[in-house]
Every structure is written in structure tokens, then in C-alpha cells.
Amino acid sequence: MKKKILTVDDSPSVRKLVEFTLKSKGFQVASAEDGMAALEIMANEQFDAIVLDINMPRMNGLEFLEKMKSNDVYASIPVIMLTTEGQEEDQDKAMDLGATAYIVKPFKPTLLLRIVEKTLAFI
Amino acid sequence: MSDENNVQDLDSQIMNRMLKDFLNEAREHLDQLNLNLIQLAEAPEEETLINEIFRTAHTLKGSAAFAGLKQITEISRKMEEVFGNVRKGNFSITPSVIDTMFEVLDILNDLIDSTATTVASDVDLSQILEKLDRIPENTVSEHEERFDDPESESQDPHELLSIYKLGYDQLVALKHLVYSSVHLSDPESLAVLFSNQIDERMGPDRNAFWLVKDGRKVEEIARDGKLVKEEDRRVLEIESSEVLKHVVSEQSVVWPSSFAEMKTLFPKFENPIIFPIKAQPEALGFLVLDPEESADVELYQFVGQFAAMIINISKLHQIVEEQKEELGELTGILFKQNSQLASLYHAGLDLMKVADPVQICRIITEAVVDDLEASKAVTFLIDKSSQELVGAFESGGLKGIDSLRFPIEKEKPIKKAVESGRIITYVDYPEKLHIGSNVLENWIILSLKGRGGTQGVLVAEVEDLDIGDPISILANYSGILLDNLVLQKKIGNTDNE
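These protein sequence lines are chains H and E, in that order.
When you line the first sequence up against my numbering, it's residues 176 to 298, in that order.
When you line the second sequence up against my numbering, it's residues -17 to 479, in that order.
These are computed hints drawn from the structure, not numbers from a lab.
Heads up, some of the hints might be wrong.
From the structure, some residues in chain H lie toward chain E, with a derived Cβ separation under 8 Å [stated by the list, open to error]:
(1) 187
(2) 230
(3) 296
Here are the simulated BS3-like cross-link-like pairs (lysine-lysine), alpha carbons at most 25 Å apart as the crow flies [as the list claims (entries may be wrong)]:
(4) 306/E with 198/H
(5) 398/E with 177/H
(6) 306/E with 283/H
(7) 297/E with 198/H
(8) 398/E with 242/H
Where is the CB? At the ideal position from N, CA and C, for every residue including glycine.
Based on the provided sequences and hints, a complete structural model is requested.
See the structure below:
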């Protein structure tokens, strides 16, 4: 079975790059343009991991993270942050809320792949 | 142990049985050869006799080889070879050839007898084999005469012509199929082409081309040379029929007699044969034909294979096209990102050279419009004492920014951006944003924030949210720089006191 990953980012270009990067290694990828859209998709589909931006309209990454981690159904899905927010406080906040890893944009595709693969190896 | 013995027993029983069968058969062959050779001595040019001897020797060779009898195999192979050459007219039958052949029969008789009595025999064959090898030379010198036209088997020339004509027509039909199919790349058009060419140029009275749809169904795309309109198409569930399951997953040709269901499945056909369009892991569809009587089914089998090949290629073609498009799009994205990074780098270098808050605002405002392609941008600095925004710099033609000053509270999205420290966009608040006398539609607001708090606000009009990331990198960076300036000022002030 192919592992399924949800990428959440408001930038179409970043969504496309993440999708391409992950698909090249055989992952199945779905994408959402913000936290709200992500929750809608997750209501109908199951995912093995989520790649999450912070700065997004409607519901940003941290709000989304808080919501999903407090929901028993989604709490165990690993979340990898992929964001321009390089400040420590954001990083701390995301890790406190239960994120597994934190990557600062612009990102190296190989790094993203390695982190996703390692994260999935642990579950 | 006993099992193993039983197996061995069984093996040797089978072997014995086979050997017995072979010996009986071989004796019959020898009798036949004997008779034919006697007849041949009377009529050395009689073709039917020569052919018969050739075939008998051939059969004997085959069954001896199967029974593992090397010497018999070898000697009958030689005999076959000699008569093969006679058939081709390489040389003709002379009394000495007949003599040699009788000698060969004697030796074969001996070999067969010794095999039957299981007396291990190793007859020396070298002499007779050598003699057989020498036959051509001897006979050519003995006999100058040759058969005139060895190939002309008494074939009726008209019949021959009609066979050639049929073969030629088939070739023409295939040629058309090959040439016209190279120009098409989607499976449905190819289905129509194949159906059309079979209808017009080949024998079958009826044909239909079906393609697999969504992996679970098959759909009749073309019938008797024409595209079936979408609303008229027959669609069948693969699971609902043994025949369809067989064709799609087993991918073998299905004959009319194989399944009783064939008739009900294709009611308009009399004797439908189905040829799968083979692919991995399952067939892409199939071709149904009602071949004419005495049809050359092999030809249609070839057409089916060819259809499979061409449709497979067209599928690959489609995939390649899609990937090419995707790669083109990605190259565009990467190119854009690369140029964005380059401009961020240069803006970063410029920012390091300045120590005035308004200059910092100028650099990022210009970069947002000139490099990141926002249509308009404006930066404000926050007056902490009055909690007001003070216009610092503008790019892209916003009016009255120099003298603009208003409370953070005044615009709800700006207040939200300052309070949360996050990007706020027209997607969050689907309404126009008023900056003095200017009205923005696709706006984004970023706070310029450092550790000490928010020092300013950047507002930009953008085409889409794609440049949100590079703009926020600029905003983060300038936020920290502004913060440091404030900090330095504080230190400077305390030093002076």
C-alpha cells in the first residue's frame, strides 16, 4: 500500500513542489490550501502524515495543529512543519502542539523526503 | 525410501512402455521403407515414393530421438538428409544409392533388435555414415541427369494465384492499418480506425472494438467501422460475465465454443471470436469479430496483437505528454522560486547596509513590488505611544502615504495582523481594504515583528497567494532588523544618561 500524505499550504507553487517531491518517491499525495480545507479533506480520507505550513488564511498551521491533535481520530498522525517562520517561538509552539519535525522554507526536497521517510518508519 | 523406490519403479515402467511402443512403431517404419525401396528401384524418379521415404525416415528420426536412442536417430537423420537432397533435385536415385539404403535398413534392423533384447550394443556406424555422406559425389558422376523443376508440385496455377492475391490483399490491409495508426494517439480514435479497417478491407461481416473503463467496466467504442455515440454505447460490468473476466484478466483469445454465454453477450454476431488488447497487468479492451468462413484466424490474431501494441504505445504517449507538461510547470515554478531567492538575497544585502527604519521600509517595499511582482505595496511603522500606524514608504502608486497616520484599531484586518503576528489576507476577510484614499482588493498584511514586538506593518496587493512565502521571509527579516534598531536606540539612550 502506498503511504498517503496531505500537504497543507496556501501557495500553489509550494503545494506543487511538495507533491512532486513526494510522488517521485511513490507516495500518494493530496493537498489543501489552508487548515480549514485540510480538515474537510481529512473527514473523508485517511492520511499517514501531514506536511504543514504555518502562515495561511482562514485557519493557520498552528490553529490547525491544535485542533487535530485534540481530536482522538487524528491525534496520532505525524505532522511535519514546512514554513517560513524561522523564529524559535513558532518552532517551540509547533513542537509543543505535537509536531514531529520542523523544516524552514525554502526547503531542500531531499531533506523533506528524508524526514518524511524517517517519520513514517517510526509509526 | 519405499516412496522413492515406487517412483523409480514408475519411471522405469513408463520408460519400458515407451520403448516398447517405439520398437513396434519402428519395425512398421522399416517394413514400409523396405517396400518403398523395392518400388523405388523400379521407378527411381517417382516423387511420391521419394517423398514417402523422406517422411518415414523423418518420423523414425523423431521418435528415436524421443526414446533417447542416439544411433538410430543419427542414422535415420542421415537417411532423411539424403532423400531431402533427392527431393530438392540435388542428385538422383541410382542403383548404388538403393544398395546403400538397403544396407542402412539392415543396420537399423540390427539396432532395433539389440535394443529390444536389451543387449547393450555399440554398432560401429562410421562406415555406413561415411558411405551415406559420399552419396552426392558418386551419383553426380554416375548420372548427369537431373530433375527439371523440382519445386513444381502439381499445383493448379489459378489456385496458386488466388492464394497469392489473398495474401497480397491482407498485406495491403495491414499496411493501411499500420500507416494510419501512427497518426493517432488516443485509444478511442484508434478503436474506430481498427474497426473501420477491418470492416472495409478484411473479411469479417461484423466487428466491434471495446475498451476497459475505470478498471471495472467495458464499453463498446466502435462497431462495424463507426464510432458508437456515447449515449448509445453498451457498457458491461467485467465482474458480471465469465467471458469478460476471462478476456480481461486471462488475456487469451476466446472462441465461440468456449463459453455458452458468447451468443447472449454479442447477440448480433454469429460466431464471435474475441481478441484481447493485451497489456500489463490487464487487457485494455478487446476486439470482437465474426470471421468469414475459412477465415485466416491467424491474421486476426495478428491484428489483435497489433491493436494492443499501438494502444499501449498511445497510452505511454499520453503519460509522457502529461509528465512533460508537469515537468514544464515545475521548471517554471523552480525558475520563479530561484529568481525570488536571488532577489531576497540582494534585498538582504541592502538591508544590512542601512540603519534607518524608513530606509529598511523602502528596501522591502521596493523588493516586494520590483522583484516579487506585487502590484502595490506600502509599509507603516508603529508609533508605540499613540498606537498609530505612520506611513513610511510606498511603491506601485498608492496615494498620500507620506502624510498618512491612523490608529491600528481602524482597520480590522490590520489590527488582527498586528495582534496575531501572522499573515492576514483577503481570504480571511473577503472585503476591500482601505488605506487612506486607496482601495485594495487582493491584499495581504504582514506584521514586521521581532522579539521585542511588532515594529511595523507591510500591506501589499498581490495577484495570488503564491508570493506569500517570500514576502513573509522579507517581513520576518526586516522585523528583526527594526527590532534591533529599537534595541540599539534604547542602549544608546541609557549610555547618554
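Status of each hint after checking the structure:
1. Checking residue 187/H against chain E by beta carbon gives a least distance of about 6 Å; that is within 8 Å, so the hint holds.
2. Taking 8 Å as the C-beta cut-off, the interface hint given for residue 230/H holds, the closest approach to chain E being about 4 Å.
3. About 27 Å separates the beta-carbon of residue 296/H from the nearest beta-carbon of chain E, more than 8 Å, and the hint is not met.
4. The suggested pairing of residue 306/E with residue 198/H holds, with an alpha-carbon distance near 15 Å, which does not exceed 25 Å.
5. A hinted pair counts as satisfied when its Cα atoms are at most 25 Å apart, and residue 398/E with residue 177/H does not qualify at roughly 41 Å.
6. With a CA separation close to 23 Å, the supplied pair residue 306/E and residue 283/H stays within the 25 Å bound.
7. For the hint linking residue 297/E to residue 198/H, the alpha-carbon distance of about 20 Å falls within 25 Å, and the restraint holds.
8. Taken as a hint, the residue 398/E and residue 242/H pair is honoured in the structure, with Cα atoms around 20 Å apart against an allowance of 25 Å.
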